[in-house]
Amino acid sequence: MSEKALKPKTHKMTEGNPFRTILLFAVPMILSNLFQQMYNIIDTIIVGKRLGTEALAAVGSASSITAVFVQLATGLALGGSIVIAQYFGAGRTEKIWQCMTTSVFFSAGVAFLSTAGIWAGAEPLLRLVNTPEEIVVMGVSYLRFYFLGCVPIFVYNALNGVYVALGDSRTPLKFLILSSVLNVLLDLFIIIGLHGGVGGAALATAISQFAAAVFAGKDMPKLLREFERGKSDALFDKALLLTMLRFALPSALQQSIVSVGSVIVQATINSFGSAVIAGSAAAAKVVNLATAVPINYSNAYANYVGQNIGACKEERIRPGLRASILSCGGLSLLLTVVFEIFPNQIIRLFIEETETDLEQVIAVGAAYIRVVGAFLIVFSTFMLVKATFKGSGDMSWFILTTLLSFFIRLFLTVGFAEVVGVEIIWWAFCAGWTIALFVAAARYFHGGWRMKSITGADDS
Numbered sequence: 012m013s014e015k016a017l018k019p020k021t022h023k024m025t026e027g028n029p030f031r032t033i034l035l036f037a038v039p040m041i042l043s044n045l046f047q048q049m050y051n052i053i054d055t056i057i058v059g060k061r062l063g064t065e066a067l068a069a070v071g072s073a074s075s076i077t078a079v080f081v082q083l084a085t086g087l088a089l090g091g092s093i094v095i096a097q098y099f100g101a102g103r104t105e106k107i108w109q110c111m112t113t114s115v116f117f118s119a120g121v122a123f124l125s126t127a128g129i130w131a132g133a134e135p136l137l138r139l140v141n142t143p144e145e146i147v148v149m150g151v152s153y154l155r156f157y158f159l160g161c162v163p164i165f166v167y168n169a170l171n172g173v174y175v176a177l178g179d180s181r182t183p184l185k186f187l188i189l190s191s192v193l194n195v196l197l198d199l200f201i202i203i204g205l206h207g208g209v210g211g212a213a214l215a216t217a218i219s220q221f222a223a224a225v226f227a228g229k230d231m232p233k234l235l236r237e238f239e240r241g242k243s244d245a246l247f248d249k250a251l252l253l254t255m256l257r258f259a260l261p262s263a264l265q266q267s268i269v270s271v272g273s274v275i276v277q278a279t280i281n282s283f284g285s286a287v288i289a290g291s292a293a294a295a296k297v298v299n300l301a302t303a304v305p306i307n308y309s310n311a312y313a314n315y316v317g318q319n320i321g322a323c324k325e326e327r328i329r330p331g332l333r334a335s336i337l338s339c340g341g342l343s344l345l346l347t348v349v350f351e352i353f354p355n356q357i358i359r360l361f362i363e364e365t366e367t368d369l370e371q372v373i374a375v376g377a378a379y380i381r382v383v384g385a386f387l388i389v390f391s392t393f394m395l396v397k398a399t400f401k402g403s404g405d406m407s408w409f410i411l412t413t414l415l416s417f418f419i420r421l422f423l424t425v426g427f428a429e430v431v432g433v434e435i436i437w438w439a440f441c442a443g444w445t446i447a448l449f450v451a452a453a454r455y456f457h458g459g460w461r462m463k464s465i466t467g468a469d470d471s
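With my numbering applied, the sequence shown corresponds to residues 12 to 471, in that order.
Keep in mind that the hints are not guaranteed to be accurate.
[Claimed, not checked] With a Cα cut of at most 20 Å, we get these calculated SDA-like pairs of lysine to any residue: (1) Lys185 / Leu34; (2) Lys185 / Pro232; (3) Lys324 / Gly27; (4) Lys60 / Leu199; (5) Lys185 / Ala303; (6) Lys60 / His206; (7) Lys185 / Val195; (8) Lys249 / Phe116; (9) Lys229 / Phe247; (10) Lys324 / Glu26; (11) Lys60 / Leu205; (12) Lys60 / Asn355; (13) Lys229 / Leu246; (14) Lys60 / Glu370; (15) Lys185 / Leu196; (16) Lys249 / Ala119; (17) Lys185 / Asp230; (18) Lys324 / Thr104; (19) Lys233 / Thr182; (20) Lys249 / Trp108; (21) Lys249 / Gln109; (22) Lys229 / Gln109; (23) Lys185 / Val225; (24) Lys324 / Ala334.
Rather than coming from a laboratory, the hints here were simulated on the basis of the structure.
Take the sequences, apply the hints, and build the full model.
Here is the structure:
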């Protein structure tokens, strides 16, 4: 076998210039998520242009429910990722294979139960969030077809957590590019060619998620080939699962609470009618694209923190955070400029020009992205500071600051939407980010997160 073929795919982040190390690791992660967000946006454009405002509103209403399970998947994957990153940084690699298989099997089991629940309860859930009667049937179709891809979503997230923990952010990028292209082609074929409706859009996403999971599963042995795999090691290890769940369950619970709260926020949006739902759904896709940059940059930085905590090189963390804030903040500033100058043009991409409520949809969507866009730098800094807690294993403060931001948003939205109007929903995002950033910064400078490493406490 050639030397190139034997070259390890993993990468340690415990040496070298922090700026360069984190940036080179973050860029493929950002691109991966951007491709994922882009095909979600293309989904939305095709649905809005070909199927109309009501179909777009149905997807927007259902998406608040699917987000609960996507966040649950990422929360469960986080447990395995943190444990593997710290073991890898400490040079204790004997458990990595079992961490991977245990995480995958557990995530798949949770996904099976989630799929069964959605197929049985799709309609009651949509009615619970005040979905307008005229779009309930389309919403049910979207949810049920989307959840055909629930197991692949959970499995892919578990595998992606392993790639991230071991410093390989390039390989998942390849998988997401392939699945994104597949998703777009299937959208065009099913929605336009077969007239598949919103259910067709969801089915296209489910198939593409299945493809991404298959790609990652087939490649995983190549990633882990440099690590010892005990012949007697079980594929599912309860002790390792409990260790991972110390981080995964609080994170999954926190993300699920946030997502359930987002369903409540969506119910508030739904009360304003289909035009507002459509405008906010289009804007949400654009905002998700913009926030993908700091979210993924912070994930890269969290992995950097995890490896350096495991290697007892805490002195590298502060320069790493400083470099990340400068580079990620610069990217966020560019997006802010685009949002402030071209809000109407961006929203028009999603809406058919012949729609009778076109101007209201555009006004709602443009207001959303202009307000949130102005606070993207605040969001970037907040995500990076609290990523220090995630990487070090200080999950209580990671969860606390996340929930603080969320509950401020929920309080302002539910408490004042009827009085102030739908605009409070956009401003609530910004208030939550700003207040929670001050709390996260106080914890960071306090330094208690430095004492949360798990690699020295766990039984080998």
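Comparing the hints with the structure gives:
1. Lys185 / Leu34: holds (18 Å)
2. Lys185 / Pro232: holds (16 Å)
3. Lys324 / Gly27: holds (12 Å)
4. Lys60 / Leu199: Holds - the C-alpha atoms of Leu199 and Lys60 are around 12 Å apart, at most 20 Å.
5. Lys185 / Ala303: holds (17 Å)
6. Lys60 / His206: It holds: about 13 Å lies between the C-alpha atoms, which stays within 20 Å.
7. Lys185 / Val195: holds (16 Å)
8. Lys249 / Phe116: Satisfied, since the Cα-Cα distance of roughly 11 Å is no more than 20 Å.
9. Lys229 / Phe247: holds (19 Å)
10. Lys324 / Glu26: Given pair Lys324, Glu26 holds - Cα atoms ~9 Å apart, limit 20 Å.
11. Lys60 / Leu205: holds (16 Å)
12. Lys60 / Asn355: Distance of about 16 Å is within 20 Å: holds.
13. Lys229 / Leu246: Judged against 20 Å, a Cα distance of about 16 Å means the pair holds.
14. Lys60 / Glu370: Holds. Lys60 to Glu370 sits at ~15 Å (cutoff 20 Å).
15. Lys185 / Leu196: holds (17 Å)
16. Lys249 / Ala119: Holds: Lys249 and Ala119 sit about 15 Å apart, inside 20 Å.
17. Lys185 / Asp230: Status holds; Cα separation ~11 Å.
18. Lys324 / Thr104: Cα-Cα ~18 Å, so holds.
19. Lys233 / Thr182: holds (11 Å)
20. Lys249 / Trp108: Answer holds: Lys249 to Trp108 is near 14 Å, not above 20 Å.
21. Lys249 / Gln109: holds (10 Å)
22. Lys229 / Gln109: holds (17 Å)
23. Lys185 / Val225: holds (13 Å)
24. Lys324 / Ala334: Between Lys324 and Ala334 the Cα gap is close to 17 Å, so the pair holds against 20 Å.
The earlier numbered hints are all upheld by this structure, with none contradicted.
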